[in-house]
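Chains as they are written, first to last, in my numbering: chain A, 351 to 672; chain B, 351 to 672.
Some hints could be false.
Heads up, the list lumps identical chains together, so a pair's fine if it works in one copy or across two of them.
Here are the simulated DSBU-like pairs of lysine-lysine, each with C-alpha atoms no more than 30 Å apart in a straight line [stated by the list, open to error]:
1) Lys381 <-> Lys417
2) Lys644 <-> Lys526
3) Lys482 <-> Lys644
4) Lys526 <-> Lys642
5) Lys655 <-> Lys631
6) Lys392 <-> Lys642
7) Lys355 <-> Lys403
8) Lys655 <-> Lys452
9) Lys482 <-> Lys668
10) Lys668 <-> Lys355
11) Lys526 <-> Lys631
12) Lys417 <-> Lys655
13) Lys586 <-> Lys620
14) Lys668 <-> Lys644
15) Lys452 <-> Lys405
16) Lys545 <-> Lys526
By construction, these hints were calculated from the structure, which means they are not laboratory data.
Everything numeric in this text was worked out from a predicted model, so none of it was measured.
2 protein chains.
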Amino acid sequence: MAENKEIAVGIDIGGTNSRYGVVSESGEVLKHDRFPTRSYPKAEGFVRAISRKIKEILAEFEGYTFKGIGIGAPNGNFFRGTIEQAPNLNWEGVIPFVDQFKKYFSERVVLTNDANAAAIGEMMFGGARVMKDFIVITLGTGLGSGFVVNGDLVYGHDGFAGELGHTFVYLDSGRKCGCGRRGCLETYASAQGIKRTVFELMAENTQISELRDLSYSQMTSEHIYHAAQNGDRIAKQAFDITGHYLGIKLADAVVHTSPEAIFLYGGLAKSGNLILNPTIKAFDDHVMNIFKGKVSIRSSELNGKQGAILGAAALVWKRRKS
Amino acid sequence: MAENKEIAVGIDIGGTNSRYGVVSESGEVLKHDRFPTRSYPKAEGFVRAISRKIKEILAEFEGYTFKGIGIGAPNGNFFRGTIEQAPNLNWEGVIPFVDQFKKYFSERVVLTNDANAAAIGEMMFGGARVMKDFIVITLGTGLGSGFVVNGDLVYGHDGFAGELGHTFVYLDSGRKCGCGRRGCLETYASAQGIKRTVFELMAENTQISELRDLSYSQMTSEHIYHAAQNGDRIAKQAFDITGHYLGIKLADAVVHTSPEAIFLYGGLAKSGNLILNPTIKAFDDHVMNIFKGKVSIRSSELNGKQGAILGAAALVWKRRKS
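Chain A with its partners taken away, still in its complex shape (with noise of 0.2 Å):
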């Protein structure tokens, strides 16, 4: 055998299931699994067992260097290592995840939000690894957004920057948000929000769609796909829609942190053109003068492949400057 080659974890949290893997420096997914969240009724409980599930993994990589974890989770904290109130979780309340989990590995623990462990593995391991100024936008239930600027992710003052799913559409009107306010991107543009529209064209229109056999609870954003590559014209005009707002609100991102690139993760991202020709045609058509022909929209090199392991995964490695 060679020299001791280097292998990280990492874990993505999902509501219902945590997906983890073991990750090789150069972005291979070694072996990965699904662990079920929602049977642990407490943080540590999972921790607990995850871990030991972990360990088992590592005792089958003998003679590689395992240098520790990374975990993408909804509403985690970079600084405090913390997941903080996510409403999809069973876990309530601040939870002190880094610290569980050092509970059982001595190696390094990090932590941050699922479109921050989206946006390093896409610098380490996708489309942005030349690239010291990009965005991820992360399409799943929701919105979510990593901004990468001179080389390192931007967290803020207090660890939660890039929030992007909560900026304004419509100021003081528009659809009720998760948030609490109105008009906040992500009711426009995730798989949630793709639903909505179809369901107010159903409402507005009496086009004739297979997606009117399927009740708001039973829809998903895989049902839109199909429809819309079948033909649906409903189902194209409800991605038109999506692309249209996403591209104008891009627009405006870019003026703040002036990337070179925006890639486009997660479930919707996966409807390829679908999503991307309007949306790309929507931001070229909003997006200020100075910034015109210089910032390219693509999917997300990570789309596919375990990208969720992998970017988390991906912290382990990627040090920040100081």
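Position chain B relative to chain A; hints supplied.
Coordinates of chain B only, in the frame set by chain A:
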């Protein structure tokens, strides 16, 4: 005399006049003056003349160590040392301003846009001395902004980051902006913006106002400020509306970089509570929950001082992490 103290020259380029001064490392403006920008049809002539003037003045500072020249300029590009297509300057095209100065000075010459210079000034000599994440908003003829993240100014991949004046208050509607689009924040929150609001209010209602005696060309934001201080209702309402739009868009801005403070600098910011109070109210009413109570909005500590000169000079001492 004690050991040599450091000094730098700060130059603030304006369309009509430029201001320059000699600044000590502790932020004292030891000497300052103005220089007629508009008298020089070519940038080369301006640079030659002001350089001669600066050398004369530096001769008075024997026993000090001269560290270099910092320049704040409209459309100034830090990476390239250029002034690019500045609409308010006589000089057209892309001007290699730093290179032109380097013909006359062997010391460090640094250039950035005026809002970025204000942000560096606030960090070295103002209210942001102990901060790593903050925003400076300059409320002049237009609205400029400088973002500091993790102790470094955000330049973006091309040097043009921080154009908050050109985010949308309204999508595809609202006031026509100098940038060619509609609905930009700067058309509402700036010296020009508040004047447009006054004219809208004079058209809409019949309230008596001393501002009705001034033409559009005559009226400045100082007139509006003085009218508001005299209890003029249209003027006061114009400040409230200006602050309202500014506060809402600042609520949008903080989700990008999560600053601990936002400083208002420049002409309109000198109106103090007239602009601060409605801005803070609108911000508090609209900011996302997780940022509530965390972000302080206040007047720049450089207001009323030779702030633009201080900011420009600060560029010489502030080096970028890399």
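Going through the hints against the structure:
Taking the shortest alpha-carbon separations for Lys381 and Lys417, only the intra-copy value of 16 Å comes in at or below 30 Å, while the best inter-copy value is 56 Å. In this homomeric assembly, Lys644 and Lys526 come within 30 Å of each other (Cα to Cα) only across copies, at 24 Å, whereas the closest approach inside a single copy is 34 Å. Within a single copy, Lys482 and Lys644 get their C-alpha atoms as close as 14 Å, and across copies as close as 28 Å, so both meet the 30 Å cut-off. For the homomeric pair Lys526 and Lys642, the shortest alpha-carbon distance between copies (19 Å) is at most 30 Å, but the shortest distance inside one copy (32 Å) is not.
In this assembly of identical chains, Lys655 and Lys631 lie within 30 Å of each other by CA distance solely inside one copy; the values are 27 Å within and 46 Å between copies. Proximity of Lys392 to Lys642 under the C-alpha cut-off of 30 Å is restricted to the inter-copy arrangement: shortest distance 28 Å between copies versus 49 Å within a copy. For a Cα distance limit of 30 Å, the shortest separation of Lys355 from Lys403 inside one copy, 21 Å, qualifies, whereas the shortest one across copies, 62 Å, does not. In the homo-oligomer, the alpha carbons of Lys655 and Lys452 lie at most 30 Å apart inside one protomer (28 Å), although the nearest pairing across protomers, at 51 Å, exceeds that limit.
Taking the shortest alpha-carbon separations for Lys482 and Lys668, both the intra-copy value of 13 Å and the inter-copy value of 20 Å come in at or below 30 Å. Only within a single protomer do Lys668 and Lys355 lie at most 30 Å apart by alpha-carbon distance; the minimum there is 17 Å, versus 40 Å between protomers. Taking CA atoms no more than 30 Å apart as the test, Lys526 paired with Lys631 passes in both settings, with 26 Å inside one copy and 21 Å between copies. For the identical chains of this complex, Lys417 and Lys655 are intra-copy neighbours only, at 22 Å inside a copy versus 52 Å across copies, given an alpha-carbon limit of 30 Å.
With identical chains, the CA atoms of Lys586 and Lys620 are at most 30 Å apart within one copy only, with a shortest distance of 15 Å there and 51 Å across copies. Taking CA atoms no more than 30 Å apart as the test, Lys668 paired with Lys644 passes in both settings, with 27 Å inside one copy and 28 Å between copies. Taking the shortest alpha-carbon separations for Lys452 and Lys405, only the intra-copy value of 13 Å comes in at or below 30 Å, while the best inter-copy value is 61 Å. With identical chains, the CA atoms of Lys545 and Lys526 are at most 30 Å apart within one copy only, with a shortest distance of 14 Å there and 34 Å across copies.
Of the hints listed earlier, there is not a single one the structure fails to meet.
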